[in-house]
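Q: The primary structure of each chain is shown beneath.
There are 4 protein chains.
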Amino acid sequence: MDNNIRTDLAVEARELYKEGNAGEVPGVEVEDESSLNVKVTRVKIISQEGQQAMGKPMGTYITIEADKLRDRDMDVEDEVSRVLAKEMVALLKVDKDALALVVGLGNWNVTPDALGPRVISKLMVTKHLLELKPEYKDSGLRPVCAITPGVLGTTGMETSDIIEGIIEKIKPDFIIAIDALASRRMNRISTSIQIADTGINPGSGIGNYRSALSQDVLGIPVIAIGVPTVVDAGTMANDTIDMLIETLMKQSKGDTQFYSVLKSMDRDEKYNLITEVISPYVGKLMVTPKDIDAVIDDVSRIIANGINISLHENVTLEDVNRYVN
Amino acid sequence: MDNNIRTDLAVEARELYKEGNAGEVPGVEVEDESSLNVKVTRVKIISQEGQQAMGKPMGTYITIEADKLRDRDMDVEDEVSRVLAKEMVALLKVDKDALALVVGLGNWNVTPDALGPRVISKLMVTKHLLELKPEYKDSGLRPVCAITPGVLGTTGMETSDIIEGIIEKIKPDFIIAIDALASRRMNRISTSIQIADTGINPGSGIGNYRSALSQDVLGIPVIAIGVPTVVDAGTMANDTIDMLIETLMKQSKGDTQFYSVLKSMDRDEKYNLITEVISPYVGKLMVTPKDIDAVIDDVSRIIANGINISLHENVTLEDVNRYVN
Amino acid sequence: MDNNIRTDLAVEARELYKEGNAGEVPGVEVEDESSLNVKVTRVKIISQEGQQAMGKPMGTYITIEADKLRDRDMDVEDEVSRVLAKEMVALLKVDKDALALVVGLGNWNVTPDALGPRVISKLMVTKHLLELKPEYKDSGLRPVCAITPGVLGTTGMETSDIIEGIIEKIKPDFIIAIDALASRRMNRISTSIQIADTGINPGSGIGNYRSALSQDVLGIPVIAIGVPTVVDAGTMANDTIDMLIETLMKQSKGDTQFYSVLKSMDRDEKYNLITEVISPYVGKLMVTPKDIDAVIDDVSRIIANGINISLHENVTLEDVNRYVN
Amino acid sequence: MDNNIRTDLAVEARELYKEGNAGEVPGVEVEDESSLNVKVTRVKIISQEGQQAMGKPMGTYITIEADKLRDRDMDVEDEVSRVLAKEMVALLKVDKDALALVVGLGNWNVTPDALGPRVISKLMVTKHLLELKPEYKDSGLRPVCAITPGVLGTTGMETSDIIEGIIEKIKPDFIIAIDALASRRMNRISTSIQIADTGINPGSGIGNYRSALSQDVLGIPVIAIGVPTVVDAGTMANDTIDMLIETLMKQSKGDTQFYSVLKSMDRDEKYNLITEVISPYVGKLMVTPKDIDAVIDDVSRIIANGINISLHENVTLEDVNRYVN
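The listed protein sequences correspond, in order, to chains S, F, U and E. Per the numbering used here, the first sequence starts with residue 1, numbered consecutively. Per the numbering used here, the second sequence starts with residue 326, numbered consecutively. Per the numbering used here, the third sequence starts with residue 651, numbered consecutively. Per the numbering used here, the fourth sequence starts with residue 976, numbered consecutively.
Treat the hints as calculated values from the structure; they're not laboratory data. Certain hints may be false.
[As the list claims (entries may be wrong)] DSS-like, lysine-lysine: derived pairs with alpha carbons at most 30 Å apart:
hint, chain 1, residue 1, chain 2, residue 2
1, E, 1097, F, 615
2, F, 393, S, 290
3, E, 1265, U, 940
4, S, 122, E, 1112
5, S, 137, U, 718
6, S, 68, U, 772
7, F, 393, E, 1112
8, E, 1043, U, 940
9, F, 393, E, 1097
[Unchecked claim] Negatives, chain S to chain E, calculated, CB over 10 Å:
hint, residue
10, 38
11, 97
12, 110
Cβ coordinates follow ideal geometry from the N, Cα and C atoms, glycine included.
If we strip away everything but chain S, and leave its shape as in the complex, we get:
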């Protein structure tokens, strides 16, 4: 089963499963929680069976969804930062002085892939201050360091090798890795944030640069934060065709014959066929919001704010909005 080829989001892997099967995914527990503007879904993969069905490693995947983010309302943005911080604190079982290394994955120079580096640029980095300036002692600040390792194509090195090397030298207690993701649903772009305690595992993402950054590989806890910023072109065509068929059926244009033909093709078969016919382009093209520059700017601030208030005991969102941004 290769769902992870088509989505980085556990909620979408689950959707894919449920399209083809009745009931909840075996070995998976799901919790929902909603406020007026924000919906939180916690998907826990608790067994090998669940791992198999979901195509993702065992662990907790929290998705924060807020359609209103599309309107760029700063109130909703602040609420999402607070929810992000709350969920991270719940996942992060670390001492308040534990050293954090925040890793901004992705490519500075490709806007939809620049989420990680942009978050780093808005982060409160404190390790050097706490070491150099005694007055910061007992300031309620946690030691935080950060790196933007770049991508395989520009460094020639596996990102995991760079991070492992830094870990050996700096000895952080845990890692937060931020990355831009690919979604299979156009309406999730820039409105969903996934937090996972399983770290980052090779998947589609935007580039193919991502090597695994997980506790197994690095030996310390790795929290991954991801936001869908692009849709794979093949996926988009696929979804469009499905929507088209449904609509045609409703309008009872087209007959059972027609329906049966495409129904008879299983999803992967159809996806592979589509990918094949558009392959000369699909590798070079992406589907992304027209205002992607502004979107990345907003979402990176939302995430940086969430991280800043979750990592430092005495830092409030007001402080961050006033003195950091």
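Knowing the structure of chain S, use the given hints to seat chains F, U and E on it.
A: Below, chains F, U and E without anything else, positioned relative to chain S:
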């Protein structure tokens, strides 16, 4: 007939016509010319009938296509600059001292729409030098001025009003307007350049900001230079489905029933249906190359070089590569 | 008298006069007003004599100074935006529906000169909305349009010609022009804002691109808003030498001989000498803050916020911080 | 002796010594070589005495100077790239398959400090290709990887720690480190390149972020490439005053008294005094070219080209200009 809703390129309007009709478009003359790397197509709309069939005003539309531009080979890029210059000189029937106003349309801050402003930033601007410094007299330089008027959403003004105001004051003899276009073929993105003596007329483009910039409106000749940098998402889905059906038929998966259903829908009906089903997203999404930043950088240099050598008698591509870029 | 060669700020022209003369400048009235964080100085040049002594046209020059801006505290930034709005409203004697054209002077691509264009990018532009969307009627929004005309070196056109052309076409009722200035005091950089009802007159500025934008030239009121972002290298050397001499005297290193020699040179003579000895470089060099990118970002937001709340009846700073930035 | 506080360039440390002393610096050997456009000076510090006098570690410091770089002539730029490559090959005594790690020091977001990261963005990175694609075997390409580690203020980590960690993991055979430097001569900015086999040692630089990157620390050869992009404000004032005095003496304005006073102050005393009087600002200000963005763009290409052709056996400058940039 609303082809111009879906393409800014005359060669594509022609393709659309020929899909549904046998023979050449009535009232249209076509010339082809090819070298190893570059193909030139000159489409002349010479009658009301042609205008009707093409959904574009009468005039000459020259398309320069070079697939190798995708490989970013500087030899091919230089060749395209030279071809662009040659075709412009043929279209431009102006005195060698005639004052040129070059207009860079589009939005600086949206990468795929930034082609125009980027070209202006690489342009040899000489009007002020020729006026202020006598030593430039007889230097073989033409007086050239340039403006990036911005877009309706950021200026609150119609671009045509801004340009008309400047024309009244500066009195240029002709205008060259550069703009990013939308294509209906994914493989034309960043590999095709269209030059038209009809100026720019309201169409899809990338934004909806464009007001007409034509000789009728402005009273002086207007040469438009455009490059497709995005594909409309609906168009892409449509093309994908067509490719899919063809492939299915070849593989004789699917039966005549299946084929007939979609065949029975006429193109516009199908397009409108698709646009409708993806409408919640299509307005917000674009399909563009993953390396769009690099693409815009290259293409804007190619066009600026072409303009620079076509406007100034004594300026060669070597000069431009060495002293301007 | 050519003080305006060395400073764009009326408060500095006044300082220069008072260095050489006792008492207030004749033909000049001055008002001070201070809060904890912000100092406002209103210099009114009310006679030919004052114009002569100050080297600036008759009119009102308001300087807002806030040293704390150096610390990038958002509370102080908001206070400065409010003061800026209050002072502008006092200077602007216009109907609440009068059409505003905001002009962002300077060069996008030279960071210390990019203040004007950056302000425009953060501005609430409403003219097109009020025309196209009836629902905005009686929304308390003023019609505002905006332009970034570029600089002589990149357009080949005098900025005043571009603006005059647009005015003839668009017919705004008044103009607000934003520009980066040169200061003769290093400590004023990025901490002072000058508002003047005399518009913009040829002066040092950062580039030499600036043609006059004033009511005499344009026929409508012109409010100029400027912020010092660079110090002229010659000026800085000059100030340093003066500080050095003072210090030497205090430390009674150096004798009256020494002092008298430099004292005997009048200020302009000394300045010209310095400019001469460093002339091979002074033209190419600027003195600017190391964090100029961040400074321009902050100051442009402060000014855009001030303009946004001063122009639109029903817009508060909270609205702007939440929904515009 | 603290010359290295005021200059990163060995040629300037030598000038400083010779101002106060007759003859060549003891323990230092100097070679000159000039072409029409490019001057090469090789300063070899060969003894403890030389190290003492120069305030720099023993080793070879090669300075390439080309005033014409100010005119941005691509012919001269290419010549400088070739000279840079030739000098590097002479310093680099490594096997043709030895793995290179290129380190781009400095801060992406502060233009005059962005030289290192910009060079990396133009570099031919090959390590991953040589490992993944057998067809590159025997292509005459050397394995090259690259990193932009950021600065202490944004990472919270010492740059040397990051690099040491990566070295332990990746095991490169040698390092090339690129950094922006501070010069004490305004006319050297962007026209001089220094190559040193002593690596990078704590010094003024632009920021204070730099920890030592040398063979002693890292255990492998480290070639440092630096270009002056700023002048320290105190240095500039100092130079200006010296130029001023000379001029005054020539013009026999001022008497021996005057001269003797400043002559009687030794250089460091005067410098410290100046730094003190302008200290409130000097920390926050830099003196840099007005067209610094364009300068960094050009110089980073010159250096990247030089590195690309020096590291890869079969790569020519023509290849690089055509296929890399």
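Q: Sort out which numbered hints this structure fails and list those numbers smallest first.
A: Violated hint: only 4; rest satisfied.
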